[in-house]
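Starting from the two chains in their separate frames, assemble the complex, guided by the hints.
Those protein sequence lines, which keep their order, are chains A and B. For the first sequence, my numbering begins at 1 and goes up steadily by one. For the second sequence, my numbering begins at 1 and goes up steadily by one.
Treat the hints with caution; some may be incorrect.
Said to hold, decoys possible - For lysine-lysine, the following DSSO-like pairs were computed, each having C-alpha atoms within a straight-line distance of at most 27 angstroms: (1) A:K223 - B:K130; (2) B:K155 - B:K130; (3) B:K130 - A:K214; (4) B:K149 - B:K34; (5) B:K36 - B:K87; (6) B:K34 - B:K62.
Unchecked claim - Only some residues are given here: those of chain B computed to face chain A with a beta carbon under 10 angstroms: (7) W14; (8) E16; (9) G19; (10) V45; (11) G61; (12) G63; (13) D66; (14) I68; (15) V72; (16) S126; (17) A132; (18) K155.
Derived from the structure by calculation, the hints contain no laboratory data. Just so it is clear, CB atoms sit at the ideal spot from N, CA and C, and this is done for glycine as well.
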Amino acid sequence: MTRGSSSSTARIEEVSARRGHVIGSAATAPEVVPGTYTVPLSAETPRMRPFGALLEFPLVEGQGVLVAGNILEQYVQHPAQRTVDLATPQLAQPFGGFRTILFQAATTGNVLVLRPAVMPISGLPALLSSTDPELGGSRLIRGQFAKAAALAAEEWFEDGVESRFSRALSSLLYAYSEGAVAALEAFVDSPGTNVDVAVEAAKWLGGVDHAATKLYRRTLLEKMLNSPAPRLRQGAAAGLASMDAPDSLDVLRRALDREPNRLLRGYLQLVANQLERTRACLNL
Amino acid sequence: MPQFVRADLRLDRWLETVGRQPQDFPPDVITDLKTKGDLLSVFEVTDAVTAERIAVAVGAGKGRPDDITYAVFERAAIEALGIPINKNEGGTIDAVVNTVHHDLHVATATKLVELAGVIASGQVVSILKKDAIVLLRRGFESGQLDHTKRPDLSKRVNAVIPTHHEPPPVVEE
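Chain B with its partners taken away, still in its complex shape (with noise of 0.2 angstroms):
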């Protein structure tokens, strides 16, 4: 079944949603869906690229390592609000995490708490810094992230770039 990631949020916002119909949640926790032209970014789960890589991806954006909170929902779930899904490039530093990115036009406040009523049911995951420092390394060191663009933090996370690519050797029969 297929899965969006929303990823960004911040853990601590999202507590007191437990229990609660999305009327009732805290106004932090809309706040914290950070809507621009009234589109929220979502990425897609697939076979290739999971939701740790994805919020992985995003984490990179940032100007340091810090604790990642994403949360999984069903794709299914957003078609039943009819909320519009419009696929476009994600603008993360993994090109292949761009290739899944999803815009969901939330056309009233009314939906962006019915769409907050589906983050908070679905899975939300948090990675706690000192393990996002290691996801953040390995994606720099592997050329998932791409390093060029955000040197800085590859560097902060002490990742070790190959400055190029051996050949394969020559086997000789």
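Just chain A, with the same shape it has in the complex (with noise of 0.2 angstroms):
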């Protein structure tokens, strides 16, 4: 997003990169300075979300006109441009190296949320690490995490019924995006984890819509797939399977072959041969 005309994605944080302040928390941030920008948008751009499901995060309070350009509302495959005017703009995740920006659009009463150039999943240094602060991996995020896991612990998980929880995780990513994947690979990881919540997460990552985070999603899906705990492996083996992605068979079938656990072994065999038939229908 630039001023003005030009559409380089670098200027962003340029523009950003101002002083400003965070309602409701001690945060700083930068702000949004009055003017008319233009959005480059890309296939990296989320598309626009429901306003309400991110009214949980700190808004900062911003100023002036924007004038979007593209707006791509589902992904690249459904290019649908049109121009929209939006409106005080509000900025979001006030931590280091400005992640994410939110524009209340006046016309549609959405949010736009927009990133500034993410370096590709593949190129991230540390992929699985979700230390390094390019991932926003920063105390604010987690900090957002560790609350919501812990209102997770006193909440009652069953198949079927979409938890408090995993809404939470989707409000987290849909603002942090890679760096919320980041706070929970973090939050699995860490010794005296809830078992059954990280479960309810691994379930989560698989079944929730966000093309921006998949392979990184699926590539911890896979890593769980090693975890020490039984319960574990198998959320993460519901999570692929929701995924239904046929790239993970490999992963998959290598975890069956040393499965100890009569059930698990069952369960993982049966998400085999889905993403098998998977295959087999997008081979046709």
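Here is the structure:
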């Protein structure tokens, strides 16, 4: 996003790297200055999300008018390009390495979540190591995640029932993208993590609809198949079944070969069978 | 041999029952058996009602399609534990499944642990979410599942509900 007509995403951080303040928090954040901006959108740009889902995050007051360029509402498969007037830009995620800007769209009541240019996931140096600040693994996001996880420990999870925890995770994901997945990864890796909550998180990882983090989420689920906890291995397999990505088949087969738990072996076999059928369909 | 089905299990909670005595089961196994009023809901498998149909009927009571896990175990094992069995109407959206519903009266925590042992030693079966969607769709479309009671779920699984039944064609001699 740039002021004027230029379209360098790198300018987002320059434009945004001004002083600001966060409502309800002592943290500092960049501020969008008044002006007209052109938003360069690409396949990396998340689609528009309902505003309400993000309200729990600290928003930064902003000023000015944003005139968006091409809005890709349904990723690149549905390039519904149109110009939308956006008013009252609101900034979120006031932690180091500013990652996300929320703009309330006056015409639609939705929020467009924009991010600065994001490195392709394969190029991330700290993949599966959530301490890299480039992933947004800041204290703030970890704090938000820890809060959600603490509440989740009081919640009873059932198959077929959307949990408050999974809704909170989705909100974190749409605000922080890779940063939210990195925080989840750190949570799962932590000793003493509540396994019931971790299993719910694993299932959510596979079921959530968020193209920008799909590879990261899949890779994390594949890694979780190696967990010493059988329950977490099952949650990971359930997540991979939800993703239904045949690319995970080899990893899953290896997990199946070494799985000592009879019940879990049966489940892994079901998932492998499903992925094989999916691959066969895709190859038709 | 008569068999019961306990549906609405969460598979991961039962994984660590393998090779253990019931008293050594992880506590989450016991809490997965959600008794209410000391009653535990089960269904009896019959020639007309398969274990899978029962599990799908129970799964249809949830907000959205997901994995469905159920256990099939011997009725005789419950009787051997001395747990009273009361046949009554079930509350699923499959009217036929409701006719094979029973409540087990689990009087003590010890009995619940023993019951968990019976369930865990039975056959624990999972239906993956993708297959569950197909089974739910078929259930709604065939009329086994009452789509009017769960229109949201019926829509979610893309069930195509016939708006009316055509009378059979009249064949003239």
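Hints versus structure:
As the CA atoms of K223 (chain A) and K130 (chain B) are separated by approximately 23 angstroms, the hinted pair is consistent with the 27 angstroms bound. Annotation: proposed proximity of K155 (chain B) to K130 (chain B) holds, straight-line Cα distance about 15 angstroms (limit 27 angstroms). A threshold of 27 angstroms between alpha carbons decides the hint, and for K130 (chain B) with K214 (chain A) the separation of about 19 angstroms falls inside it, so the pair holds. Taking the CA atoms of K149 (chain B) and K34 (chain B), the gap is about 23 angstroms. The hint holds against a cut of 27 angstroms.
For the hint pairing K36 (chain B) with K87 (chain B), the CA-to-CA distance comes to about 16 angstroms; that is within 27 angstroms, so the pair holds. Of the supplied pair hints, the one linking K34 (chain B) and K62 (chain B) holds, its CA atoms being roughly 15 angstroms apart against a limit of 27 angstroms. Given hint, W14 (chain B) at the interface with chain A, holds; its Cβ is 7 angstroms from that chain's nearest Cβ, closer than 10 angstroms. With a least beta-carbon distance of about 6 angstroms to chain A, the hint placing E16 (chain B) at the interface is held under the 10 angstroms criterion.
Because the smallest distance between the Cβ of G19 (chain B) and any Cβ of chain A comes to about 8 angstroms, under 10 angstroms, the interface hint for this residue holds. The beta carbon of V45 (chain B) is not positioned within 10 angstroms of any beta carbon in chain A (closest approach about 20 angstroms), and the interface hint is therefore violated. Given hint, G61 (chain B) at the interface with chain A, holds; its Cβ is 8 angstroms from that chain's nearest Cβ, closer than 10 angstroms. Because the beta carbon of G63 (chain B) sits about 5 angstroms from the nearest beta carbon in chain A, less than 10 angstroms, this interface hint is met.
For D66 (chain B), the interface hint holds, since its Cβ comes within 10 angstroms of a Cβ in chain A; the closest pair sits about 4 angstroms apart. Annotation: I68 (chain B) was flagged as interfacial toward chain A, and the flag holds, the nearest CB pair being 7 angstroms apart, inside 10 angstroms. The closest approach between the C-beta of V72 (chain B) and any C-beta of chain A is roughly 14 angstroms, which is over the 10 angstroms cut-off, so the hint fails. Evaluation of the S126 (chain B) hint against chain A yields a held restraint, the C-beta minimum of about 6 angstroms falling below 10 angstroms.
Annotation: interface hint on A132 (chain B) holds; nearest CB of chain A at approximately 9 angstroms, less than 10 angstroms. The beta carbon of K155 (chain B) comes no nearer than 16 angstroms to any beta carbon in chain A, farther than 10 angstroms, and the hint placing it at the interface is violated.
In summary, the numbered hints that this structure violates are 10, 15, 18.
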